[in-house]
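S.K.: If you count the sequence shown from 1, position 58 lands on 58 in the UniProt record's numbering, and the numbers rise without skipping.
These aren't lab readings, by the way, just hints derived from the structure by calculation. Check each hint, because a few of them may be wrong.
Stated by the list, open to error - Below are the DSBU-like pairs computed for lysine-lysine, each with C-alpha atoms no more than 35 Å apart in a straight line:
1) Lys-65 <-> Lys-181
2) Lys-220 <-> Lys-181
3) Lys-170 <-> Lys-181
4) Lys-175 <-> Lys-211
5) Lys-150 <-> Lys-220
6) Lys-181 <-> Lys-150
7) Lys-150 <-> Lys-99
8) Lys-170 <-> Lys-220
9) Lys-181 <-> Lys-99
10) Lys-65 <-> Lys-211
11) Lys-150 <-> Lys-175
12) Lys-175 <-> Lys-220
13) Lys-150 <-> Lys-170
14) Lys-99 <-> Lys-175
15) Lys-211 <-> Lys-181
16) Lys-99 <-> Lys-65
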Amino acid sequence: MSENMEYLSCQAVCYAESFNFLGLSGALLTTGRCACYRDVIYLEVEQGSCAIFPFGVAVYWNVRKDVVERIDEQLQLFALRAYPERETEHYPFIHGCEKNRFTHEHIELVDNDTMTLLAFSHALSQSVKLAMFERQAQQTIEETAAIPRKLADTGSTLLSRRQTARMRGKLFLTKSDIILKYELLDTPEFFWEYPELEPVYQIGAHYLELKQRTEILSLKLETIHELFQMLADDQKHQHSSTLEWIIIWLIAVEIIIFLVNDFILAH
């Protein structure tokens, strides 16, 4: 590889939970510069290209900023449950190298072959989606970190039943949103049709530590699940305590009425 070769820009952007892929592919096909593969649209744009995935991610290869902004506008029209804050990962890349590889935070390619770019794009798209999942899980854990501390110090979460119910709902949504899309982190079905490209995908998946990060995410989801169960138990305890006090007061009232009646009859 020549020392004078210029690095180009590659970025993966997570826009939304998903895209209306049927509508998006129909709109892009009218441009005549895109091709549809299994769960991915490949769009050629001037000197670069873009791979778009149904789970709300686009990977840009050597695409100018103004062109990215134009594609961005179109993607927003088909975004379903867009994230308020996007996740973006940048990786410089270069082609004309001896072999395809991921090294020192950049990508080296033998050539600018479309299928090679698609193979790497799958790993990059999973990485940025996983980063979004990681952020969601970590934010939820940090936002609820005070609850187990209160429980340890006081024996209660000190939350009202409404607050507890809302917190349980938030924990459940975070966990279910991630679990329902967990299959996105498996080896893509794209490689069933192009098995010869899977080794290229595995180069990216290995470097980006997709397997290890998925395992850590699973542990974070377990933490969220345990907190969810803790709140459920606390809510049951609150309900039981309320019923106990109601019963105590009813018994007390009944005793008072009995004593009053007994006093009246005695006089």
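S.K.: Taking 35 Å as the top limit, are the C-alpha atoms of Lys-99 and Lys-65 close enough?
M.R.: holds (28 Å)
S.K.: Is Lys-65 within 35 Å of Lys-211, Cα to Cα?
M.R.: holds (32 Å)
S.K.: Straight-line Cα separation of Lys-211 and Lys-181 no greater than 35 Å?
M.R.: holds (15 Å)
S.K.: Would the pair Lys-181 and Lys-150 pass a check requiring their Cα atoms to be no farther apart than 35 Å?
M.R.: holds (33 Å)
S.K.: Need the status of pair Lys-150, Lys-170: alpha-carbon distance at most 35 Å?
M.R.: holds (19 Å)
S.K.: Given the hinted pair Lys-99 and Lys-175, is their alpha-carbon gap at most 35 Å?
M.R.: The hint is violated at about 40 Å.
S.K.: Under the criterion that the straight-line Cα-Cα distance not exceed 35 Å, is the pair Lys-175, Lys-220 satisfied?
M.R.: holds (9 Å)
S.K.: Decide if the proposed pair is consistent with the structure: Lys-220 and Lys-181, CA atoms, cutoff 35 Å inclusive.
M.R.: The hint holds at about 16 Å.
S.K.: Measure nothing beyond the straight line between the CA atoms of Lys-181 and Lys-99; if it is 35 Å or shorter, mark the hint as holding.
M.R.: holds (33 Å)
S.K.: Going straight from one Cα to the other, do Lys-175 and Lys-211 come out at no more than 35 Å?
M.R.: holds (19 Å)
S.K.: Holds or violated: Lys-170 with Lys-181, Cα cutoff 35 Å?
M.R.: holds (17 Å)
S.K.: With a cut-off of 35 Å on the C-alpha distance, tell me whether Lys-170 and Lys-220 pass.
M.R.: Given pair Lys-170, Lys-220 holds - Cα atoms ~15 Å apart, limit 35 Å.
Hint compliance for this structure: hints 7, 14 are not met, and every other hint is.
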